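Residue numbering for the sequence shown follows our numbering, starting at 65 and increasing by one per position.
Calculated from the structure, these hints are not laboratory results.
Everything numeric in this text was worked out from a predicted model, so none of it was measured.
There's no promise every hint is true.
[As the list claims (entries may be wrong)] Cross-link-like lysine-lysine pairs, in silico, DSS-like; alpha carbons within 27 Å at most:
no. : residue 1 : residue 2
1   : Lys-126   : Lys-152
2   : Lys-152   : Lys-215
3   : Lys-220   : Lys-175
4   : Lys-164   : Lys-175
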Amino acid sequence: MAPDTISKEENRMASEESMALGRRIVDALNTGNLTAIDEVFASGYVDRTPNPGTAPDREGFKQGLTKFRTAFPDFRYTIEDEIVVGDKLVHRLTARGTQKGEFQGVPATGKYASWSEIHIGRIANGKVVEHWGLGDQLGMMQQLGLVASPKVASPK
Numbered sequence: 065m066a067p068d069t070i071s072k073e074e075n076r077m078a079s080e081e082s083m084a085l086g087r088r089i090v091d092a093l094n095t096g097n098l099t100a101i102d103e104v105f106a107s108g109y110v111d112r113t114p115n116p117g118t119a120p121d122r123e124g125f126k127q128g129l130t131k132f133r134t135a136f137p138d139f140r141y142t143i144e145d146e147i148v149v150g151d152k153l154v155h156r157l158t159a160r161g162t163q164k165g166e167f168q169g170v171p172a173t174g175k176y177a178s179w180s181e182i183h184i185g186r187i188a189n190g191k192v193v194e195h196w197g198l199g200d201q202l203g204m205m206q207q208l209g210l211v212a213s214p215k216v217a218s219p220k
């Protein structure tokens with residue numbers, strides 16, 4: 065076997081380790097556990113899609129998480145799909161929470177919202193080193209009453 069070739073068993077074990085890491089990340093996000101973020105994100109972590117006004121590093125991620133959980137204290141992720149391909153971990157998640165605090169300059173609405181997100185993490189040495197994410201922010205804003213939903217014309 066060539067040195068750069070890994071066996072199916074090694075690949076399966078690496079996939080299981082990446083999925084376990086993904087569940088630790090979701091648990092940390094659901095609880096706001098900043099210590100766990102330090103354990104699962106590498107010190108040189110880079111966020112390729114940071115929230116506005118947030119540094120694209122691990123400290124920026126933790127600050128953003130703290131702000132978000134202050135705005136949505138009951139925030140929870142549910143893992144809908146989890147896929148590992150090579151060094152990438154992909155999550156399709158349902159996010160939900162009630163806006164009870166200021167969020168990106170918008171005062172608390174007291175409204176509950178549920179939206180979809182997809183996240184891709186690149187894993188190296190058992191930690192996330194790079195992240196890309198995309199969420200249905202429009203759907204969330206519509207549910208919070210911050211953006212009007214489009215009117216649908218009735219059939220004639």
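So, going through the hints one by one against the coordinates:
1. Lys-126 - Lys-152: holds, 21 Å
2. Lys-152 - Lys-215: violated, 39 Å
3. Lys-220 - Lys-175: Since the Cα atoms of Lys-220 and Lys-175 sit roughly 34 Å apart, the hinted pair is violated (cutoff 27 Å).
4. Lys-164 - Lys-175: Distance ~8 Å between Lys-164 and Lys-175 Cα, so the pair holds.
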